[in-house]
Every structure is written in structure tokens, then in C-alpha cells.
Amino acid sequence: MKRFKKLSALVATTLLTTTLFAGCGNSKVGENGTINFFNVGDYIDEALIKKFEKETGIKVNYDTYDTNEIMYQKVKTNPGTYDIVVPSDYMIEKMIKEDMLEKIDYNNIPNYQYINPEFKDLSYDPNNEYSVPYMWGTIGILYDTTKVTEPIKSWDILWDSKYKDEVYMFNSLRDALAISLIKSGYSINSTNPSEIDQAKQALIEQLSLTSPIYVNDEVKDNMIAGEKALATVWSGDAIYCMDSNPDLAYAIPEEGSNKWVDGLVIPKDAPNKAGAEAFINFLCDPENAKTNVEYIGYSTPNKAAYDLLDDETKNNPAAYPSDQVLDNCVLFVDLDKDTLKLYEDAFTEVLSQ
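1 is the number of the first residue of the sequence shown in the UniProt record's numbering; add one for each residue after it.
Quick caveat, the hints were computed from the structure, so don't treat them as lab data.
Mixed in with the good hints, there may be bad ones.
Calculated lysine-lysine pairs in the BS3-like style (CA-CA distance at most 27 angstroms, straight line) [claimed, not checked]:
#, residue 1, residue 2
1, LYS303, LYS273
2, LYS103, LYS74
3, LYS74, LYS303
4, LYS290, LYS303
Restraint-style ranges between C-beta atoms, simulated for each label pair [to be verified]:
#, residue 1, residue 2, range
5, ASP247, LYS51, 32 to 40 angstroms
6, LYS97, LYS314, 45 to 53 angstroms
7, GLU312, ASP247, 43 to 51 angstroms
Beta carbons: idealized from backbone N, C-alpha and C, even for Gly.
Could you put the whole structure together from the sequences, leaning on the hints where they help?
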């Protein structure tokens, strides 16, 4: 499964790698029987799209993107094109601030009742007006138990010189700097220039201690193949890797981590808002949500779908950590433009070493 890559490379904010829906030029955009769904690659069981089309007669034009930032630019520069997109928490917050989203009519989404209250009233959409939670997870450390025998309690292990040439890091500025900020004792959402600089310096120091390699999706196949001892990963990717290689395990360090939530939203001036709400309601149906989460491999915010999962999945701490662990995890927030520039400059300097 491919997880939502959050700013996987600095060029993600300017380089667009997807195109507009191929079918839009040949159909009436927004007609009653069509919705345009823009999602991260491999982030839905596509059999569900066919099932929805068969049940409702609504055609789904489906296209994919790689990062929140690519999606944001496509929606921003192509108003009135998309009916549903799937941003992460901090991007939902940004799009709400910029008046880029439609308010959702929950009268059309009765299955919203199945969303766990723990995933409602969150900071990025405090009044539950613009988004329906889709998937959630954490970031942590995937490790090879044949190479790492000590318990992983701290992010410090990624700086331990005995693991030189044995570390993969996120090629993602928010995630990489979040780890370094936590290690330095600061918030993952720090806006303090001095703290951001210290996090940058810690990542530069790490280069000399463990020579980490900054990677994206290739981390999964590489860890399954046993190429390195340690890797920073999203929880769903960890589960995928552990299913393929029983020597792998996942840990969330005691200092804390990021808990992320991805949501279903309707862009401003969506051509078919009613159709979008019908599809969101379909995805919130417990059986459909169960099918989807089993395909994707991440954690479901749908309480009824969770109850349908097998006990092994429900008791897997990588997918569903304890409350004690989650109490130490926080959401990313949307950073102001000046602060984001500090993050971008810091990460650019790290990668240029």
C-alpha cells in the first residue's frame, strides 16, 4: 500500500506530475451521473469504485496524485473541476483557511454516525463542517530484529553510530524535521526559528554519525529485503512490511510522534456535490469501510468498521496503538508561509550536505 507522501520532496510544491482527468473532455463535467475523484495512488480498493457505480449509476472519473502539495496546486488552479479529494489534516486546515472547500451536508451522509467520536472535533476542522475522516496512523521506526536487539525507546537510536549506514530517513521535510524536533525536545509544529535551526543541525550531525539515506516508497521493498536495520515509516507501510518479513517490527518512541488523519473533502464549486456526498456516505458504510481498510492497510476511524475487523488486526499495536502511546502523539498543523520557508530552507541545507 502506498501511504500519502507528505511533501516527499521539495519540488513537490512546484512540480506537478499528474494531469487532469482524461475523461473530462469527453463528458459533461458535473452532470448528475458523474463525479471526479482525485486521490493518492493506491489509496482505495478500486473494486469499491465499481461497486458504487453499479449501485448508484454514478460514474466515477478517478485520477491520482503523489502529495498533498500537488493536490493543493491542482485544486487551486483548476476550480470547479474536482468533486472529492483526500488531504491530510494540516492541508485540510490550510484549504479551509483559504476558502477552498464546500461545507458538507451531513443529512446526505447518514453513515457519518459510524465515525468514532475520537476523530471528530479535531483541530484542523473543529466544527466538523468540511471533512469526513478517511484513514489515520502514526509515524515511527521500522526495524530489523535480526540487527537491532535492543528495545527502541527513543528517536536517538537513529543517531547511534553503531548503526552507521543502516538507517533510512523520510525524504519529507515535515516528517524528518518533526523527528529531529522531538529529539531536541520541541514541538513538531514549532514556529521558533532557533528550534527549527537546532533540528536542522541535529539532522546534519546525524549525517556524520549514521549516514542515513533519505528515501520515499522504496523504503518498503528495501526493508523487506533486509537492506538496512532501521527506517522511519508511516504505520501502514510498517504493517505492509511486517506482513512480508516477520523479522521486522515497529516502534513509536516514548518521546512522542505524529498522529495523522486523512479526510474526504469536497472542493469549492464541485461540479457534483450531491454525488460526492453520496460517495462519501458509501465509503462510510461499515462493510465498505472494512473492505477498504483491509486493502489499504492503515487504521480506520470508522468504529463500526473497526468492530468488523479480525482480532489480530484490532490487537496489532502498529495499527491501533494504546491510548497511552497516542496521548503522546500530536497532529501536524498548517504552518504560516514564513515558518514553512524556514522548514524548507532547513531541509534543503540538510539534503545538500
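Results of checking the hints against the structure:
1. LYS303 - LYS273: It holds: about 25 angstroms lies between the C-alpha atoms, which stays within 27 angstroms.
2. LYS103 - LYS74: With a Cα-Cα distance of about 20 angstroms, the restraint between LYS103 and LYS74 holds, given a limit of 27 angstroms.
3. LYS74 - LYS303: With a Cα-Cα distance of about 32 angstroms, the restraint between LYS74 and LYS303 is violated, given a limit of 27 angstroms.
4. LYS290 - LYS303: At roughly 10 angstroms apart (the allowed maximum being 27 angstroms), LYS303 and LYS290 satisfy the hint.
5. ASP247 - LYS51: 32 to 40 angstroms: holds (37 angstroms)
6. LYS97 - LYS314: 45 to 53 angstroms: This hint is violated: roughly 36 angstroms between Cβ atoms.
7. GLU312 - ASP247: 43 to 51 angstroms: Because 18 angstroms falls outside the window, the suggested range is violated.
Violated hints for the displayed structure, listed by number in ascending order: 3, 6, 7.
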